[in-house]
Amino acid sequence: MATTGDQVATGRWEHFPHDADIGVRGYGASPGEACEQAALAMMAAIVDPATVRLKQEVDVDLEAPRLDLLLVDWLNALIYEMAERRMLFGAFEVKIDDNHLKGRAFGEAVSRARHAPAVEAKGATYTELAFVEDRPGLWRAQCVIDV
Amino acid sequence: MDLSRFERLSDTAWRIAPFGGMRVPAIVYATEDLMREMDDKVFDQVTNVAKLPGIVRASYAMPDAHWGYGFPIGGVAAFDADEGGVVSAGGVGFDVSCGVRTHLTHLTREQVVSVQQELADALFEHVPAGVGSEGEIALDEQAMNAMLLGGAQWAIERGFGRAEDLERIEERGCASGADPAAVSEHARKRQRREMGTLGSGNHYLEVQEVAEIFDAKTAAAYGLVKGECVVTIHCGSRGLGHQIGTEYLRDMVISAQEYGIELPDRELACAPIKSELGQKYLGAMRSAINCALANREIIGHLTRQVFARFFEHGELPLMFDVSHNTCKVERHAIDGETRQLFVHRKGATRAFGPDHEGLPEALRPYGQPVIIGGSMGAGSYVLAGMEASERQAFSSACHGAGRRMSRHAATRAWGGRKVVDDLRAQGIIIKSPSLRGVAEEAPGAYKDVRAVVDSAEAAGLARKVAFLKPLICVKG
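If you read the sequences in order, they're chains A and B. If you read the first sequence in the working numbering, its first letter stands for residue 1, the second for the next number, and so on. If you read the second sequence in the working numbering, its first letter stands for residue 1001, the second for the next number, and so on.
For the record, the hints were derived by calculation from the structure and aren't laboratory data. Misleading hints may appear alongside valid ones.
Calculated cross-link-like contacts (lysine-lysine; reagent style DSBU-like; alpha-carbon spacing at most 30 Å) [stated by the list, open to error]:
(1) B:K1280 - B:K1189
(2) B:K1226 - B:K1041
(3) A:K55 - B:K1217
(4) A:K102 - A:K55
(5) A:K55 - A:K95
(6) B:K1418 - B:K1469
(7) B:K1217 - A:K95
(8) B:K1418 - B:K1217
(9) A:K102 - B:K1226
What you are looking at is a predicted structure, and each value in this text was computed from that prediction instead of being measured.
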């Protein structure tokens, strides 16, 4: 389960600048781990993920015709679940086989007082989208989130 | 931006001749200073839009243009269905029909300042704002469909607004051609508890003082009086619009090849207007426009309820409600011939000039009100559409100041508490559930809104009518 920004050399996330919104980037030893880290980067644009208690689980099951579309679908599925369930997430587990993603998000109901979310994610975009293996064992998953 | 790539047409108009697959030229309206400040991505995006099938005359960018998704924010482009023209989910964006409305209060600054803190607290308490907030109006399936078809008209029929508001909303508060059947179950679920909510990010509700009048006749016609206060609301179609944008963008990315469309950028995902997907998107997008119009009407109603607690005459007549993320069917003159076009405005405001048939009679001699939201410290402007804007950019103008700094950079530059304290020292009360959100929206993170509106006026897009200075800002 990915819960922090820099656990291991590959398992980390960062933001990159976009004029109006925010770029999210996750690195991992596998495509699944890169997706976990990209999701953490998205959450960190909204709230400090460390403040989110891991009390509930939400499962996500997705298929897409291409790997990079799977990343956008994954982030958009999380945005939908957050909006529909009024939740925030603080940790993720993802497994990817071919173009099939099985993911689990851990979190709790949003508390405006305790979490004080800075922004609402509207959607994951195809802008600056990349889901690639930069070198053997280092996957990078990134795109811009409209907030 | 590197200005050597442009042909300078005037002090405020810059042309890029077609190259590399562009079907039409691209034109950016801005002063040299604003041009130099713009991101190079604006060049890429405004030229990419010019490559889309069926584009008419030119791809335009407004003075507040900045790096967006596919289209630049501040982008305008029109397409002809009979020439293979497209409709683009990326050209409308995720927050379908995001827009601004301004209510008149006819209260003086002194009256508002005498209860400023209590009024700010009451507005923050009564108008749901921020992530996780919920509206009090729950929609069942039947009510959801009625809302998606009826827009602000639906809200008013349900008692959340006043019938006379409709004349002051684009298309009298209801986009025709909405197709609720094209709106997914996910989009509906996302909206169930979001009617009458402000959202977050750059969305806001402000009480503002009319601090300066530039065009006395037009200001009088709009009801703007120096020293009186107005309320301006900036928000959009909430979760429903976001979900529609997400779903149709994906469908259009995947099916572009099938339609023989080569996308210079996937975010420009589009479908021919005369295709099943194009028609379905138009039906869903118009439903989202109605959702946004209903949402702003409800927030206007909630605002009226709060003002009625403090002041005897809390009617708050609506000056105007205008959207800036849309695709609309309009008639425009092209080479002497009137054609029906699908005009995309992404972070750009429609700005009909005087005598336009689409304006209510009372406003027709003066042109359409164009509301330009600035940052919470710098203030906002009311402009009026100009006749020249029809020729310049299909009657369009800017929509805001435009960011000059990323959110991340803003939080490194300012702390939210200091922003709140500094603005309070200037007489502006900020109410927000998130200090980090305030820091991200700090006045210094935005371009100089005065330079943007001066640029729009000099370019003949819209003329200045009034400047509005904030007294209270409720942010999500």
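These are the hints, each one checked on the structure:
1. B:K1280 - B:K1189: Holds, at about 19 Å.
2. B:K1226 - B:K1041: Roughly 40 Å between the alpha carbons, so the hint for K1226 (chain B) and K1041 (chain B) is violated.
3. A:K55 - B:K1217: Outside the cut-off at roughly 60 Å; violated.
4. A:K102 - A:K55: Since the Cα atoms of K102 (chain A) and K55 (chain A) sit roughly 20 Å apart, the hinted pair holds (cutoff 30 Å).
5. A:K55 - A:K95: Cα-Cα ~21 Å, so holds.
6. B:K1418 - B:K1469: holds, 20 Å
7. B:K1217 - A:K95: violated, 65 Å
8. B:K1418 - B:K1217: violated, 40 Å
9. A:K102 - B:K1226: At roughly 59 Å apart (the allowed maximum being 30 Å), K1226 (chain B) and K102 (chain A) break the hint.
The structure shown violates the earlier hints numbered 2, 3, 7, 8, 9.
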